[in-house]
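Work the whole structure out from these sequences, hints included.
Quick note, the sequences are listed as chains A and B, same order. Quick note on numbering: this note's numbering labels position 322 of the first sequence as 1079, and the sequence is numbered without any gaps. Quick note on numbering: this note's numbering labels position 216 of the second sequence as 973, and the sequence is numbered without any gaps.
Where hints are given, some of them may not hold.
Chain copies aren't distinguished; within one or between two, either way the pair holds.
Unchecked claim - Here are the computed lysine-lysine pairs in the DSSO-like style, where the Cα-Cα straight-line distance is at most 30 Å: (1) 1084 <-> 1039; (2) 962 <-> 1084; (3) 782 <-> 1107; (4) 849 <-> 1107; (5) 863 <-> 891.
Calculated from the structure, these hints are not laboratory results.
There are 2 protein chains.
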Amino acid sequence: MNYIDGGVCAAKGFKAAGIHCGIRKNKDKKDLSLIYSEAEASAAAVYTTNLVKGAPLVITKEHLSDGKAQAIICNSGNANTCNANGLEIADKTSKLCSKALNISEKDIVVASTGVIGLPLEIEPFEKGMPELVKSLSSDGSDSAAQGIMTTDTVKKEVAVEFELDGKICHIGGIAKGSGMIHPNMATMLVFITSDVSISSEMLQKALSGDIQNTFNMISIDGDTSTNDMVVVLANGLAGNSEINAEGESFNIFMKALNSVTVALCRKIAGDGEGATKLLECKVNNAKTLSDAKTVAKSVICSSLLKAAMFGADANWGRVLCAIGYSKAQVDVNKIDVYFKSCKGEILVCKNGAGVDFSEEKAKEILLENEILILVDLNDGEYSSCAWGCDLTYDYVKINGDYRT
Amino acid sequence: MNYIDGGVCAAKGFKAAGIHCGIRKNKDKKDLSLIYSEAEASAAAVYTTNLVKGAPLVITKEHLSDGKAQAIICNSGNANTCNANGLEIADKTSKLCSKALNISEKDIVVASTGVIGLPLEIEPFEKGMPELVKSLSSDGSDSAAQGIMTTDTVKKEVAVEFELDGKICHIGGIAKGSGMIHPNMATMLVFITSDVSISSEMLQKALSGDIQNTFNMISIDGDTSTNDMVVVLANGLAGNSEINAEGESFNIFMKALNSVTVALCRKIAGDGEGATKLLECKVNNAKTLSDAKTVAKSVICSSLLKAAMFGADANWGRVLCAIGYSKAQVDVNKIDVYFKSCKGEILVCKNGAGVDFSEEKAKEILLENEILILVDLNDGEYSSCAWGCDLTYDYVKINGDYRT
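This is how it looks when you write it as structure tokens:
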């Protein structure tokens, strides 16, 4: 399996585009993206568990009830959430898109991201749709990835190539992240495409299983968004025999999917609002998988640890503190903690107590922009990993006045 | 009932002191405090639920097993947590104090606050104990409150006077707060004294009941500390008939205690690390008390809302978002949200959707330093209140390099 270019257009039969249609005031920022498959595709999705849900999610859930879709339309700059006419706008957007692409309305996935509670007009969609459809291209993943960005500083794309039944297959994805990121069942916006032939049921099974260890293990700020969704379309154009049960082919697909989702997780966490560092917390030797996950997530979510990492301060007591309040079953006196980066690895806590270590070496390690916090619970055999970022002045700045 | 001066020395028979003994390098910062009752007192306490616990908590729990105490010794500058010899140091501190005061070791409450995992020596305690005991005075609450401060910018003291059985009674307290504040059963350090006569059992009942709606409803940063405790000593010198059951006297005591604890909560939240504003979230008309509390706490804990409040940005969508992921049972379409301060009140969301409001007026309200976020769920009759603070550049600064 190899990582390749092409994002959501790496898989056969997929085209994409992103344009500025006028939802945002800034004309230099794209605000409407489209992903289109030339063949109807198996579709699977997971959604935010927030009770306050964006109107597009309601429409999308309805459309995906048959496990099929052919296009994804997504705007940025407005979440279309807590709007009195939200459902009407999402429905009209879907109808406009269906007409322009000449496909069934039921095959359209609608998504929105941006400010909550801001009225959204249909006019920019009406105006932009012809240009958007005309712009669809097999190298359009880049502009589609741009069109869904909010406070993201970099676009997030990834794709892999692998073999199944002697056929060359692809899975690619784009994502937006940055703020209000604390997945629970699903998070942020992630659109994944594949040319693998797989039934809707098995595609949903693959996605639902995968996110437990990927998107659900990211946190930027502890806030679970109202509009998050992960959607996968698989159009079957690679020509493999359809995957319709568990087995070797399904496992190969799961592994390839996981390569895409983990890469997107790292991109999302590393580009968290205001972030200067990607934080990864790896927990080893936990009593249960649930304990491993709980500990990893708790460490990654600690505001105090996040601020310490921003300051490259090896304040490991905050790691212990976050483990202690996580509600995981741990034996505090067995915990070892290491900090690691490309500059090396350092043991800072052994058996739950501090050890002598070189503050200078620790500083050198923590000044890097990808930090691994390695927690060994020495109390079992389960592992987990969570991703987050540091807490910085810029996070406060970005969110102190997000709406202007 | 009146608020009065005097803090922990407002109640009859209590003396206090705070000195610099050398745990901190900065000689201008006090680092050791003592509270002493001339008579043995009923004692009740609640402790952090963090699995990683400061060594002093272990000693204190043991000493309070008989429901009696006479003195509280507390150092700042070092949490005495995750130290190999932590228990030994806490035990020696208790013994030194017991000897200097000529009271039973079992009557000593030991507490520590500061950096986790930093070795702590007994020498500063040995050196400082004679001076500390000599400094005990009935107007020493002020210096004792200073001696337990860490990143606190102001000392936190409060006291009330009330009548019981025709006797003048008092309850007073001091607290330290600032960071690693997200109570769960108990939080931070709070020392409360009273001259009321009350059994240990009823005192514990009063305290355990009260904290559910007071200290457990504060959050500065979502991090539950390892060293938190709330201790109440009641020495009976007011001369009322001992409270040993529920009834009118118990209710009067509970009300007075609540006046002290709520005032301390507001002081702790308003002086959160880096805070410029006290945030109070009042939730009305919830289906259950648990729903009301869950919603209030979720809103107060949202990093996104906290940053918006720092920027005086009326971004009410973040209030809705935090309610939505709180796991409370709410009907989103019934939710109203108001922002309120001494500059007035403004409705920003009605029935779960935005309303037209004056951004100028909202800004004026939110620029104040005490903000009330009023959430009406319109779905029941339960209310709750939570306290927190805004998220600021200074929070990041303070915690980016706490140890140096």
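A quick look at each hint next to the structure:
1. 1084 <-> 1039: So residue 1084 and residue 1039 pass the 30 Å test inside a copy (17 Å) and across (28 Å) alike.
2. 962 <-> 1084: Cα proximity of residue 962 and residue 1084: in one copy and across copies (29 Å, 25 Å).
3. 782 <-> 1107: Result: close only across copies, 27 Å inter versus 54 Å intra.
4. 849 <-> 1107: Between copies, since 25 Å is at most 30 Å while 60 Å is not.
5. 863 <-> 891: within (21 Å within a copy, 82 Å between copies)
Hint compliance for this structure: no hint is broken.
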